[in-house]
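Protein chains: 2
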Amino acid sequence: MSHESKSETQDPFHAHDHDHCAASVLRRAEEQARQEGVRLTPVRRRVLEILLESHRAMGAYEVLERLALEGFGKQPPVAYRALDFLVEQGLAHRVRRLNAYAACLSNQRDHTPAFLICRLCEQVAEADTPQMREALAALAAAHDLTIERSTVEILGICARCAKAEQAKAQDV
Amino acid sequence: MSHESKSETQDPFHAHDHDHCAASVLRRAEEQARQEGVRLTPVRRRVLEILLESHRAMGAYEVLERLALEGFGKQPPVAYRALDFLVEQGLAHRVRRLNAYAACLSNQRDHTPAFLICRLCEQVAEADTPQMREALAALAAAHDLTIERSTVEILGICARCAKAEQAKAQDV
DNA sequence: GTTATTTATGTTATATCGTAACGCGTCAAG
DNA sequence: CTTGACGCGTTACGATATAACATAAATAAC
Ligand SMILES: [Zn+2]
Ligand SMILES: [Zn+2]
Ligand SMILES: [Zn+2]
Ligand SMILES: [Zn+2]
Numbered sequence: 001m002s003h004e005s006k007s008e009t010q011d012p013f014h015a016h017d018h019d020h021c022a023a024s025v026l027r028r029a030e031e032q033a034r035q036e037g038v039r040l041t042p043v044r045r046r047v048l049e050i051l052l053e054s055h056r057a058m059g060a061y062e063v064l065e066r067l068a069l070e071g072f073g074k075q076p077p078v079a080y081r082a083l084d085f086l087v088e089q090g091l092a093h094r095v096r097r098l099n100a101y102a103a104c105l106s107n108q109r110d111h112t113p114a115f116l117i118c119r120l121c122e123q124v125a126e127a128d129t130p131q132m133r134e135a136l137a138a139l140a141a142a143h144d145l146t147i148e149r150s151t152v153e154i155l156g157i158c159a160r161c162a163k164a165e166q167a168k169a170q171d172v
Numbered sequence: 001m002s003h004e005s006k007s008e009t010q011d012p013f014h015a016h017d018h019d020h021c022a023a024s025v026l027r028r029a030e031e032q033a034r035q036e037g038v039r040l041t042p043v044r045r046r047v048l049e050i051l052l053e054s055h056r057a058m059g060a061y062e063v064l065e066r067l068a069l070e071g072f073g074k075q076p077p078v079a080y081r082a083l084d085f086l087v088e089q090g091l092a093h094r095v096r097r098l099n100a101y102a103a104c105l106s107n108q109r110d111h112t113p114a115f116l117i118c119r120l121c122e123q124v125a126e127a128d129t130p131q132m133r134e135a136l137a138a139l140a141a142a143h144d145l146t147i148e149r150s151t152v153e154i155l156g157i158c159a160r161c162a163k164a165e166q167a168k169a170q171d172v
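Chains as they are written, first to last, in UniProt numbering: chain A, 1 to 172; chain B, 1 to 172.
Quick caveat, the hints were computed from the structure, so don't treat them as lab data.
Backbone N, C-alpha and C define an ideal beta-carbon position, used for all residues, glycine too.
Don't take each hint at face value.
[Unchecked claim] Sample of chain B residues at the chain A side, in silico, Cβ under 7 angstroms:
hint, residue
1, 66
2, 67
3, 111
4, 112
5, 113
6, 114
7, 120
8, 123
9, 140
10, 143
11, 157
12, 158
13, 159
Assemble the whole structure, with the sequences as input and the hints as a guide.
Shown next as structure tokens:
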């Protein structure tokens, strides 16, 4: 079983090999840094690792706390700069609804996925479908807008949390 | 010429009768307030009017300044409360990318349109197409997410601004 | 190898956005 | 006339984000 390109898009909301997620993103980060001549410095790498601990989106200040504990700088720009770097490199995404950041799970350098956010566990999945791309393009075309960036975020409750809620309701 | 239901969706990026925009939204606001037993108080109404001066999204503090000048309260909650009211009533929308608010241009009470935002003139158009709704539903379904809210924002350059940019470039 | 240049990290300070909590005034129900 | 709900105003604070500057590390030039 050595299908390399198996997991184009992992889905955090369902069972998956998360170590694989983390490892593959880190690997991509290193390769990409080498190729593009940018530096994956200790802070930057560490921030990516922190984001990769789970698929939960983290606020900049939450990341900063972790950095401070580990001997990095204690002031906001330290976190924001590392996060900005990761976002620029397509290694992390900003989730606007949560004012938070999540590691990117795709292997593509530049992409603008839609985010699926569970309101309860705050995990974030990304999805990039032709259907959505077409819908966006159609909207832009209809209004003569030259599209530069787009944000698609879907907030709801994931299957796991929905099940948990149901169980809780029956307990009462 | 008395086609009442002509303008389901005005497009701020193109020539249109803006007085009509403003008047029709205010009319809807009044009707709706009566019907739902909520109060369109002076501050609330004034905030809606301010938003309706153009299709540009305005930050809460920008609205607040205007209110202060006109003798209303000078503190943030004054603006935020009025804006929250308008958003709840579906009379205004929050544009997350801009941390700003824009008057709603639709006649529908509850809807979640996509926003088209011009980066240069900061005007905002709304659009609600079946195609986009389906794309959102498909994404949610594919990930077993029970959808509660969604955000679709497209940032770019509107036709008018694109033209202006071109002209400027040729001048040089 | 030493120097110059760029890039990254850290700091202080401040800007920007948003909310909690409380008191007062208004108005309508009882 | 009291009571209770609601809206508006305040003070105070919390949360998010960036500007500006000093230092240090890495890279490039000589
Ligand atoms: Zn994973
Ligand atoms: Zn969940
Ligand atoms: Zn208009
Ligand atoms: Zn424009």
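Results for each hint:
1. 66: Violated. Min distance 26 angstroms.
2. 67: Because about 26 angstroms separates residue 67(B) from the closest Cβ in chain A, which is outside the 7 angstroms limit, the hint is violated.
3. 111: The hint is violated - residue 111(B) has no Cβ within 7 angstroms of chain A, the shortest such distance being about 15 angstroms.
4. 112: Result: violated, 10 angstroms to nearest chain A Cβ.
5. 113: 10 angstroms, violated
6. 114: 6 angstroms, holds
7. 120: 11 angstroms, violated
8. 123: 10 angstroms, violated
9. 140: 6 angstroms, holds
10. 143: 5 angstroms, holds
11. 157: 5 angstroms, holds
12. 158: Hint holds; residue 158(B) Cβ to chain A Cβ min 6 angstroms, cut 7 angstroms.
13. 159: With a closest approach of 4 angstroms, the residue 159(B) hint holds.
In terms of the numbered hints stated before, the structure departs from hints 1, 2, 3, 4, 5, 7 and 8, listed from lowest to highest.
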